[in-house]
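Peer 1: Sequence:
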Amino acid sequence: MKKKLRINGHSHLLPYPEEIPQFMKDKGIFWVDKDRKFMLQKNWSRPVTDSSFFLKEKLEWMERYKIDHAVVLNLSQLYGNGLRVEEMKQALRFQNDFNAKVQHDNPSKFTCGFVVHPGFVRGALWEIERCVEELGLQLLCLPTHYMDTIGTWRCIFDEENEPIFELASKYNLAVEIHPYDGEKFILLENTSWRFHLIWMLAQCADAYHFLTLNGYADKFPNMRTCFAHGGQLAQINLGRRIQGFDGRPDLFEGKTHPRKSVGHKNIFFDTLVHDTGSLKLVIENQGSKQVLVGLDDPYPLGEMESAPQSSYPGKILDLARERNIVTEAECDAMWEDNVLQWLCGDDKEARQKLVKRITGT
Numbered sequence: 001m002k003k004k005l006r007i008n009g010h011s012h013l014l015p016y017p018e019e020i021p022q023f024m025k026d027k028g029i030f031w032v033d034k035d036r037k038f039m040l041q042k043n044w045s046r047p048v049t050d051s052s053f054f055l056k057e058k059l060e061w062m063e064r065y066k067i068d069h070a071v072v073l074n075l076s077q078l079y080g081n082g083l084r085v086e087e088m089k090q091a092l093r094f095q096n097d098f099n100a101k102v103q104h105d106n107p108s109k110f111t112c113g114f115v116v117h118p119g120f121v122r123g124a125l126w127e128i129e130r131c132v133e134e135l136g137l138q139l140l141c142l143p144t145h146y147m148d149t150i151g152t153w154r155c156i157f158d159e160e161n162e163p164i165f166e167l168a169s170k171y172n173l174a175v176e177i178h179p180y181d182g183e184k185f186i187l188l189e190n191t192s193w194r195f196h197l198i199w200m201l202a203q204c205a206d207a208y209h210f211l212t213l214n215g216y217a218d219k220f221p222n223m224r225t226c227f228a229h230g231g232q233l234a235q236i237n238l239g240r241r242i243q244g245f246d247g248r249p250d251l252f253e254g255k256t257h258p259r260k261s262v263g264h265k266n267i268f269f270d271t272l273v274h275d276t277g278s279l280k281l282v283i284e285n286q287g288s289k290q291v292l293v294g295l296d297d298p299y300p301l302g303e304m305e306s307a308p309q310s311s312y313p314g315k316i317l318d319l320a321r322e323r324n325i326v327t328e329a330e331c332d333a334m335w336e337d338n339v340l341q342w343l344c345g346d347d348k349e350a351r352q353k354l355v356k357r358i359t360g361t
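Going by full-length UniProt numbering, the residue at position 132 of the sequence shown is 132; the numbering climbs one at a time, nothing skipped.
FYI, nobody ran anything at the bench for these hints, they're computed from the structure. Because the structure is a prediction, the values reported are computed rather than measured. Every residue, glycine too, gets a C-beta built ideally from N, C-alpha and C. Check each hint, because a few of them may be wrong.
[To be verified] When the alpha-carbon atoms are kept at most 30 angstroms apart in a straight line, the in silico BS3-like pairs for lysine-lysine are as follows:
1. LYS315 with LYS219
2. LYS280 with LYS4
3. LYS348 with LYS2
4. LYS37 with LYS4
[What the hints assert, rightly or not] Restraint ranges, calculated between C-beta atoms of paired labels, are given here:
5. ARG259 with GLN41: 35 to 43 angstroms
6. LYS265 with THR327: 15 to 23 angstroms
7. THR327 with THR191: 36 to 44 angstroms
8. ALA350 with THR191: 41 to 49 angstroms
9. GLU253 with THR191: 33 to 41 angstroms
Model the full assembly from the supplied sequences, consistent with the hints where possible.
Peer 2: Below, the structure written as structure tokens:
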């Protein structure tokens, strides 16, 4: 009988301090202190809350929890918003080269993403070409929002970015949409972790709003988009968006009805929603095939081993199974088939190649 794979579709990895180029620290862009206790930027720091932020420790952690493979996203701190253009290009190139090396050196364990800055579309297209053609990467990581060249904050699914999605579709890329930087454009005091607990989910809902209104899941048929954190507020907000579209058609001229994207085969959501009620809503709205396991490890808002939270990786699916929200077959698919479908789409050869890479057979 074929072994069922456990693939984590949402993971993060920090470079070791000595792997980060000196210019990143000199310019205050991003670095990790030599004791590996903090990740830092100019006027910002965050504790490294788990040793599995780093490669060797991550591999041990995966072994411990029987995770066969992980999809490593880019670090949110390296979206490059607000940096001078040359610094932004160098920082993003460092991130992409680092992720490519991780995938190259550990092909059975990691599929890694790459990042571009949508504010500079032509440069973004060149970097996509480089990452796909030269580095062999197949996952494009994009922020929900970004700062354009005149300092205005925009949603990633702005029509100006269509050349990026066109190229992603041409290359059959998986795309990850992840929120960050909310405190830079939402005019509220950064207190009680509100930007991570509330506004990040609103940012995902906003990005989903424009992906669906612009009909991009059909317009770019070989691009498959996954929303981080289950696109949680997008799920509960569906009825309001549908009523708004129907009630004020004058505001949506030329746009696609929100219903058309519900359960779309090219739109995925991860399981990182923290409670079975939310997970049930995602599955009821979108169908179980559009949901994939995402642990968001090793962040404290990820599904980590934790006594205070009585948590461990994979707990939400175990609970959902106990409560008959999902079947065992659906759980298995969320760990394997659905992740593979997001990463490879209908390209059977790419899928076989990836499974072979993971299993070594």
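Peer 1: Against this structure, judge whether each hint is valid.
Peer 2: Hints, one by one, checked against the model:
Between the alpha carbons of LYS315 and LYS219 the distance comes to roughly 36 angstroms, so the proposed pair goes past 30 angstroms and is violated. Of the pairs offered as hints, the one joining LYS280 and LYS4 holds, with about 23 angstroms between alpha carbons and a cut-off of 30 angstroms not exceeded. With a C-alpha separation of about 18 angstroms, the suggested pair LYS348 and LYS2 falls inside the 30 angstroms cut-off, and the hint holds. For the hint linking LYS37 to LYS4, the alpha-carbon distance of about 36 angstroms lies beyond 30 angstroms, and the restraint is violated.
The beta-carbon spacing between ARG259 and GLN41, approximately 41 angstroms, falls within the hinted interval of 35 to 43 angstroms. For the pair LYS265 and THR327, the beta carbons lie near 20 angstroms from each other, so the given range of 15 to 23 angstroms is met. Separated by about 42 angstroms at the C-beta atoms, THR327 and THR191 satisfy the suggested range of 36 to 44 angstroms. In this structure, ALA350 and THR191 meet the distance hint of 41 to 49 angstroms, their C-beta atoms being roughly 45 angstroms apart.
At roughly 40 angstroms, the beta carbons of GLU253 and THR191 sit within the given window of 33 to 41 angstroms.
The earlier numbered hints that this structure contradicts are 1, 4.
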